[in-house]
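Please model the entire structure based on the sequences and the hints provided.
Taken in order, these protein sequences are the chains called Y and P. Note that the numbering used here numbers the first sequence so that position 13 is 36, with each residue one more than the last. Note that the numbering used here numbers the second sequence so that position 104 is 154, with each residue one more than the last.
Treat the hints with care, as some may be off.
As the list claims (entries may be wrong) - List of simulated lysine-lysine pairs, DSSO-like, C-alpha gap at most 30 angstroms:
hint, chain 1, residue 1, chain 2, residue 2
1, P, LYS203, Y, LYS58
2, P, LYS127, Y, LYS62
3, P, LYS60, Y, LYS58
4, Y, LYS69, P, LYS127
5, Y, LYS70, Y, LYS58
6, Y, LYS165, Y, LYS153
Unchecked claim - With the C-beta cut set under 7 angstroms, the calculated list includes, among others, these residues of chain Y facing chain P:
hint, residue
7, GLY35
8, LEU38
9, ASN44
What the hints assert, rightly or not - Chain Y is faced by these chain P residues, among others (derived, beta-carbon under 10 angstroms):
hint, residue
10, LYS98
11, PRO173
12, GLU192
Because the hints were derived from the structure by calculation, they are not lab data. Each residue gets a CB set at the ideal place from its N, CA and C atoms; glycine is no exception.
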Amino acid sequence: MQALLAAFGISGSLLLAQAVNFGILMVALTYLLYKPVMKTLDARQKKVAQGVIDAERAAEKLATADVEAATLVTKAEGEADGIVAGARETATAERVRILKEAEARAASVAVDAEARAKETAAKSLRESEKEVARLAILAAEKVLMKEHSKHA
Amino acid sequence: MNSGIHVSLKAETIGHIFGFVVTNSLLMTWIVTALLIIFAFFFGRNLKMIPGKLQAAFEWLFEGAFGYISETLESDKLAKRFFPLLATIFLFVLVANELEFFPGVGSIGIFEGGVLTPFLRAPAADLNLTLALAFISFFTIEITGIATLGGLKYASKFVNLRSPVGFAVGLIEIISNLGRIISFSFRLFGNIFAGEILIMVAGYFLPYLLPAPLIGFEMFIGIVQALVFAMLTLFFIKLAIVDPHESH
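This is the structure we're talking about:
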């Protein structure tokens, strides 16, 4: 056995040195390489997972937004229809009111005109009567003057 | 024939630090360790949320390996616990096996008595390293088994007095578990050491033609051996945490 160990150069101190060397290497690699790499991989995995969650949330929000937008559009359309209908009703009422006012005004104008025409006719009649009377007086004067001259 | 090939089964001593023997394979181990730590330091500090090509490739390997370990052990918690060990075994053995083909490794050294003593030697071509890794794997596997199943239940895998067959199976289990130390260490050592010898011999006979494809092949063997060592450790951990009654 001793000869075998000597032939291969096996010694306790060298075995221990190699084992300690390997132990140091393992500890160093663990802290300098394995842990940082593991940490980076974990961080990246978390980031990717968060990205997926965010994307899902965004998709959900988008879907909700679409529904909300459709609801808003429908509501707005309803409101617009209401406004248009209201405006139409108001316009119709206004038209009727204006028409009535115009008719009343026209009637009033017609009454005024008739009254004015009657007044003018009466005035003309009175002036005609005055003229006739004046003409009658003139004619009577003429006749009287003629009669007078004849007698004279 | 005057042999130009010198083969040393054991790592050569290249110096002493405070009375401690420093071999060329231990020096290479330190270099590999330093390179890995430097890489880890700069790579770990420059990680980005949007990765570059190197980071993306490393993360792909990292995630793949972690997923495989988690799938095999059927637990994320256990995967997190054993990932550093398994990944370090893989990276360390891989880099050590690949760096041995760099110019200068095994070829620069001191000539003494016509024999070259290289400053650097493939770490896995020294049984001290492979045996140390085998012991680390072995104790990790056994301690995990005891910690997960409890001492008595884990011992029941090896000591079964209910039937002669069960007793024999228990003995085989003990031998196979202890045999792992030898299989772990000699598989890696044998492959890498044999590869070095093969390239050395090929270089001696056909120096300008044969070594290149063999180096490519041995680089592939280096990757496979790193993978085998890490994966066997993983599978044996899995076997250790399986309830003995469930496994039957």
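Verification of the hints:
1. P:LYS203 to Y:LYS58: violated (34 angstroms)
2. P:LYS127 to Y:LYS62: holds (15 angstroms)
3. P:LYS60 to Y:LYS58: violated (37 angstroms)
4. Y:LYS69 to P:LYS127: holds (19 angstroms)
5. Y:LYS70 to Y:LYS58: With a Cα-Cα distance of about 18 angstroms, the restraint between Y:LYS70 and Y:LYS58 holds, given a limit of 30 angstroms.
6. Y:LYS165 to Y:LYS153: holds (18 angstroms)
7. GLY35: violated (10 angstroms)
8. LEU38: holds (5 angstroms)
9. ASN44: At 6 angstroms from the nearest chain P Cβ, Y:ASN44 passes the 7 angstroms test, so the hint holds.
10. LYS98: holds (8 angstroms)
11. PRO173: At 8 angstroms from the nearest chain Y Cβ, P:PRO173 passes the 10 angstroms test, so the hint holds.
12. GLU192: violated (16 angstroms)
Hint compliance for this structure: hints 1, 3, 7, 12 are broken, all remaining hints hold.
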